[in-house]
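Guided by the hints, dock chain R onto chain D, whose structure is given.
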Amino acid sequence: MLDMINRAYKEIARAGQTLGRKMNIMEVCGTHTVSIFRAGLRDALPDCLKLLSGPGCPVCITDQGYIDAVLSLSRRDDCIIATYGDMIRVPGRDGSLEQNTGRGNIKIILSAQDALKLAIENPNKKVLFVAVGFETTTPATAVIAGQALRQGIKNLFIFSNHKLVIPAMEALLSEKNHRIDAFLCPGHVSVIIGSDAYKPIVEKFKRPCVVSGFEPMQIIFAISEICRQLAEGTASIGSVYQAAVTPQGNKTAQKIISESFDIVDGYWRGLGKIGKSTLKLKEKFSSLDAEKQFGIQLALEEDLTGCRCGEVLCGLIDPCDCGLFAQNCTPDSPIGPCMVSSEGACAAWYKYARGKRRS
Amino acid sequence: MASSGKILLAHGGGGRLTEELIRSVILPVFDNQTLSGLTDSAELELDAKSICFTTDSYVIKPLFFNGGDIGKLAVCGTLNDLAVSGAKPIAISMALIIEEGLEIEILRKILISAAQTAKKQNVPIVCGDTKVVEAGGVDKLFINTSGIGVKIPQAKLGFKQIFPGDAIIVSGTIGDHGMTIMSQREGIKFESSLKSDCAAVTEICIGLVEAFGSDIKFMRDPTRGGLSATLNEIANQANCGVEIYEEKLPVNPTVRAAAEILGFDILEIANEGKVVAVVAAQKAQSCLDFCRSLQIGRDAAIIGNIAESDYLLVELETFIKGRRIVQMPYGRELPRIC
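Which chain is which? The protein sequence lines are D and R, in order.
Here the first sequence stands for residues 2 to 360, where the numbers follow my numbering.
Here the second sequence stands for residues 183 to 520, where the numbers follow my numbering.
Looking at chain D on its own, in the form it has when it is part of the complex (with noise of 0.2 angstroms):
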């Protein structure tokens, strides 16, 4: 095992010494971010390999104005939020949700599943469900939609804040000073999407798209593959998951997402808006739609002092780099939204690698 370990570092330095430059590789999923860490890859690769981590965590990219709203429904008492686990320490203006749990109301979850259940539980309370997440969360969302709206269920509200994660690296690489020669993708979000979903990045803007499970080894085989294409000057779609990831993708979940969600132009918490990135119930969910039945305006965002999570995001800065990093923003007091989900790139930083620095 170690051995072949050993030919992909050195295979990958192999690229690094053709190219003559470093190899900026960009991760989007919350879950290499944490992998990555986790296993210490970032001391272990070659030099001159850079990974940035990209806007994988759905909580780091959901917009202040959606958590205001959600603290403020949490307020009512009337009202059940529903949310999963990291969602409830983002710092909206006024505290989290973790901070107003004395009230009993909000309740974690492990599916939407447990959101529906939550509702038929609780008939006289308007449960309210946090949707977020990318593609991998959202059939289970429309899912339930479909079962509330045939069952009766008139206490359910969905507030969708789904995001589409190709759009988002549409908008990193157009944006003039990026750093990314090439993208790892996530495997669970290409087991939904299909590799194929790739081919705007891998033909229009010419970076390698590789898809990589989550064990160290996929993702040392994948960031492999990726110097490969880097050093050929080529750029392709790959794949180290191939058992689960079809170039087409699951038909079943892709269909269900677009008969129940339309796509529109969404905030993303440190990239802004970006067109047609973001999922909202179609209209004949109207009656479930938080937004439409609560009369939620979504404030526009404003930038919290100081906080650079935009350019950790966006690649351009370490977290490291940030000012707040680490002194005045830390996992236990969190003020900038990558610092609050495990999967943000700047709480993996600071629980993984905090104190080290690498050119």
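If you are wondering where the hints come from, they were derived from the structure by calculation, not from laboratory data.
All figures in this text were calculated on a predicted structure; none of them were measured in a lab.
Ideal placement from N, C-alpha and C gives every residue a C-beta, glycine not left out.
Interface residues of chain D toward chain R, partial, derived using beta-carbon atoms under 7 angstroms: (1) ALA40; (2) LEU42; (3) ALA45; (4) TYR353.
Just chain R, lined up with the frame of chain D:
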């Protein structure tokens, strides 16, 4: 016994029902003369210069889990706090705070389990207390146990004994308890079931100190916060660095899979039947052999060492030969969402 078969508020009221509960449920289970005397205090005759005294409360949910229950846990937890201090247990107290409505049969089952665990370790439960609170006041049953032990003369334990070069031993696989509870709580089923390691580590701790004396520098049971919390505490209190090796860590494959699926770091998961021991380097192999000679220590391993370092950090060398810092856990693990 009251016909409903459930605990009523009156069972904690100090009157007839309380007495009935004590006489028909509690005393028969624990069956020892000190407790049966129902005196206000238990009288213990000791011949020791130094005694250790510890207390802990147990609020685990669910009450029953694969590998144990709150009763067994409450006894083992307190025995383990004594054991890692180098103290042989003499007696335990047990106080119950019961939610009105709890089925008496459930209570009895838990008490029998506690009694059996204590008996196996040859430690009597000599005093106790029973309170009942209204429904919703507590979640079914909370237990507090305290323990008294006699420190064995050979024990010279403490952070101050720890120096660079000392070896770190863990007495068996890590993360079993925490992953069992979390997967049971979340209703996640694994093909080969997970089992808590809930057990008393008295045999291993007292055995080590009796055999190796001052070469055993420090011991701790890595419960909440797992190995991460224990090792970080060692680094901070002993003013040193800690190096551990991922390939040396004993981990049950099912626990590893469960942690991966739920997104947990195995190093941060609680254990309830393990001990981390810092021992003199030259005795490390003998200490390990001793641990492995016991059933409870059969998977013991030397996982790393105390390091000379300018930073009070715990560092892990990973499978792929990368290094990373192992941090003190935040205190509340949250399930991942993608």
